[in-house]
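113 is the number of the first residue of the first sequence in the numbering used here; add one for each residue after it.
Hint data in this document are derived by calculation from the structure and do not stem from the laboratory. Don't take each hint at face value.
[What the hints assert, rightly or not] The calculated BS3-like cross-link candidates involving lysine-lysine, where the alpha carbons are at most 25 Å apart (straight line), are:
| hint | residue 1 | residue 2 |
| --- | --- | --- |
| 1 | K540 | K334 |
| 2 | K273 | K165 |
| 3 | K519 | K473 |
| 4 | K897 | K334 |
| 5 | K152 | K632 |
| 6 | K897 | K934 |
| 7 | K271 | K700 |
| 8 | K930 | K884 |
| 9 | K165 | K129 |
[Unchecked claim] Derived Cβ-Cβ restraints for the label pairs, each shown as a range:
| hint | residue 1 | residue 2 | range |
| --- | --- | --- | --- |
| 10 | E491 | T337 | 54 to 62 Å |
| 11 | Q740 | R538 | 53 to 61 Å |
| 12 | K334 | D570 | 27 to 35 Å |
| 13 | S510 | E356 | 24 to 32 Å |
| 14 | S639 | D570 | 41 to 49 Å |
| 15 | N286 | G164 | 27 to 35 Å |
| 16 | T807 | A221 | 34 to 42 Å |
| 17 | T403 | A636 | 54 to 62 Å |
| 18 | P732 | A533 | 41 to 49 Å |
| 19 | K334 | K609 | 54 to 62 Å |
| 20 | S640 | R872 | 24 to 32 Å |
| 21 | E469 | E741 | 48 to 56 Å |
Glycine included, every Cβ here is placed at the ideal spot set by N, Cα and C.
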Amino acid sequence: MAEEKELRYDPAAIEPKWQQRWAEDPALYAAEPASSENPKYYVIEMLPYPSGKLHMGHVRNYSIGDALARHMWMRGYNVLHPMGWDAFGLPAENAALKNNTPPREWTLANIAAMRQQMQRIGFSYDWATEVTTCLPDYYRWNQWFFLRMYEKNLVYRKKSKVNWCPECATVLANEQVINGRCWRHEDTLVEQRDLEQWFFRITAYAQELLDGLDKLEGWPEKVRTMQRNWIGRSEGTEVDFGVEDRSEKIRVFTTRVDTIFGATSVQLAPEHPLVTALAESNVGLKAQVATLIDEQKKAKETGDIGAIEKHGIATGYFAINPYNGEKVPIWVANYVLMDYGTGAIMSVPAHDERDFEFAKKYGIPIVRVIALADPNAEEPELPFTAEDGVLVNSGRYSGMSCADAQKRLQEAAASGAFGEATVTFRLKDWGVSRQRYWGTPIPMIHCERDGLVPVPDDQLPVLLPDRIEITQQGGSPLSRVPEFVDVKCPRCGEPAKRETDTMDTFVDSSWYFYRYTDAKNASAPFSSERGQYWFPIDQYIGGVEHAILHLIYSRFWTKVMRDLGMIKNDEPAQRLFTQGMVIKDGAKMSKSKGNVVSPDDMVARYGADATRMYALFAAPPDRDLDWQEDGVAGVSRFLARVWRLAEKNSATARAAGPAAAETQNTGTALKLQRKLHQTIAKITQDFEGRWHFNTCVAAIMELVNEMQAADAQIAAGEVPAPVVRELLRNLALLLAPFAPYLAAELWEMLGQSGDGAILRAPWPKSDPGLAKEDEIEIPVQINGKLVTLVRVPPDADGKTMEAAALTDEKVQGRIAGKTVAKVIVVPGRAVNLVVK
RNA sequence: GCGGAAGUGGUGAAAUGGCAAACACACUAGCCUUAGGAGCUAGCGCCGCAAGGCUUGCGGGUUCAAGUCCCGCCUUCCGCACCA
């Protein structure tokens, strides 16, 4: 009985065995020193939040990265392939509330559980470089960076309207608000609150962040486009309109200053300071403005701000156009946004669709100031928004092209000191204060005498107190911990208060990949030497959902570190790969839909190799993958076939010597050897950039199918033992990036000793001579339609191919009595006869 | 509305402009059996007994040749959206 059972592929026995052997040799996956002569290769997958359980999306992400890392190791690269934990964040506090577990314990337990899952699946991470962002030896460097940025005026504090999620009970960055809702709570509307907040001056790098995108050719175009839109650069002009009978000026932003003679009103955002001022002395106006604000808010809530019914109020006041002194009415309108441009616009109904709609509704005059350049053409209907016309009704600017006029008008504004050319960005500074406990304490002290005082470097880290009661009360939980709050001012020594907000967790993930290069450094975030050796990252792999948040913040951080002189690279990652989602039955896996597939289940039923190999086989990595358990079972059956094949022939292989490179083999042996070398070539090529791992797995299956079909010949000794040996050894090597446990097992069965030996075994080379067929089938077409196939040598010249085609019986039959007008021969590919 | 991606068998999918559907899953028939979530053999786009014909969302075009390139349209998914 027991003997019989051994003849079965048993991942439950094989995998833990290798897992243990590999764990006993932690140097196995360690990178060589930063001085290594081998070319470096830095590949990482985005670090997970330690929720406590891996999901299939993780498994897919890590299987892609792991295949690549293993392949690069075998190619002789010095590979750094680390893993870490994005360990701060709200779920830990929620769990604390629910289960009365301290966030730290909860988080560390989750990390332990997920690390174990990763090890069970066999990902080749160097655990010596593990980074856990919630531990003081990591977050102290967040504080250190914060202080450096404070010194460089890249950190500031201001009172401002901020996004507040009632569910999180904290502030959100603009990037974390999606259609007016919280990024973590799709059903929760974000409120606006006035709060003193810390900001990172990411806008100082807006232009560089934008320009850099052009050079990131290894990034998906989609991500680059999304970032371009997010940064939202727009060139235009700011112009001051005077206000009749008042001292204020209204500064408007426009991209079409050339249309300014057609401005027939000025529109203010409901929250514009002048509106607030006017409303103060006018109760009726105040109430109406409140309605407008309400309408904007509602529109944001439904996420349909584009469809809002335009609505406005005439204030009764007039603005004065600085170019012609003309008086135009001042309105307040619900389609003008306070947080873009200056919160005020000039309204030119003749040349802007929104202004046109508004003017029609309220009977505001419409004045055409742009005409077609061609005077004979019929005037187009209004609104006419194209920018290729000439100015009319525009005083001394009439007759100029739009572009010329824009330049002249900007010059006039500058010399008259009533405006200037400007560049506006949609990107806002990054608000990083969070009124939460489980995050990095902000290293600042509020002193009555000295004001804001940075914590001195030698007092870092500002430790997060361990024992704290988490409640649902508003405000920062740390403010209720006197031992934390009460300090002496580092400057004057008088009693002072610590800042009690913590940092946005996106700070943690903005530079974690630098820490991997020097994870245990106690005197700096990382050494420049190591940072410069490993950076930029060669390949970064993760989900497209981070296209804006994480990927823009970490680009910003890299530029800041460069300007601090810590590194030389401008961008963190050379290449970015965004893998598709894992879905089930056509929908994203989610608890509420009840279609979640647990990686643990899959591993328990089919083994880690089958699970990860299926994740690579079922779809190309950039596409969504529909998880079908039958498919995993299929891959598992395939691995069992491989195992049996090796088991049956391992003795033969072990006893044999290497196969000669210049083989005189014939028949089945030659056929198998050819298939092998074709397969090696295909997979090697794919690893070099195309990454269609699904077809790589398919190619290995084809090779195995062919070996299996030759089973009888192999058993009969028709295939020389050295060829059997070569086939099996190479099969193991080809499988190593995809199914590492089975590969290691095969390697051992074949008499290759040493733990982890297959990891460092050289990747096989395809021998072009052995990969070459001695005859290929060429399609013969008549007028583009396939007629037959003819056999020719692979390097046959055009004449030979033409002759082979024309002498073919089927072709003869088809062309009899007709004229062959033309013969097109594509060497090695096809013959097409044009017949009349 | 703007931008991007995709649309191929019952399913996941494959195809440097040159044999559409490789490799798998499911299914059908048969064999084997230690009855297993096993193994082996054969079949499996559509019409047709066959010969043969048809077939890559729809319509045009380029080309000796188009799933692939170009133009227009439809559908689905993703991102952005009174951004002045």
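TODO: May I ask which of the numbered hints given earlier this structure violates, with the numbers listed in increasing order?
DONE: 2, 3, 4, 7, 8, 10, 11, 12, 14, 19
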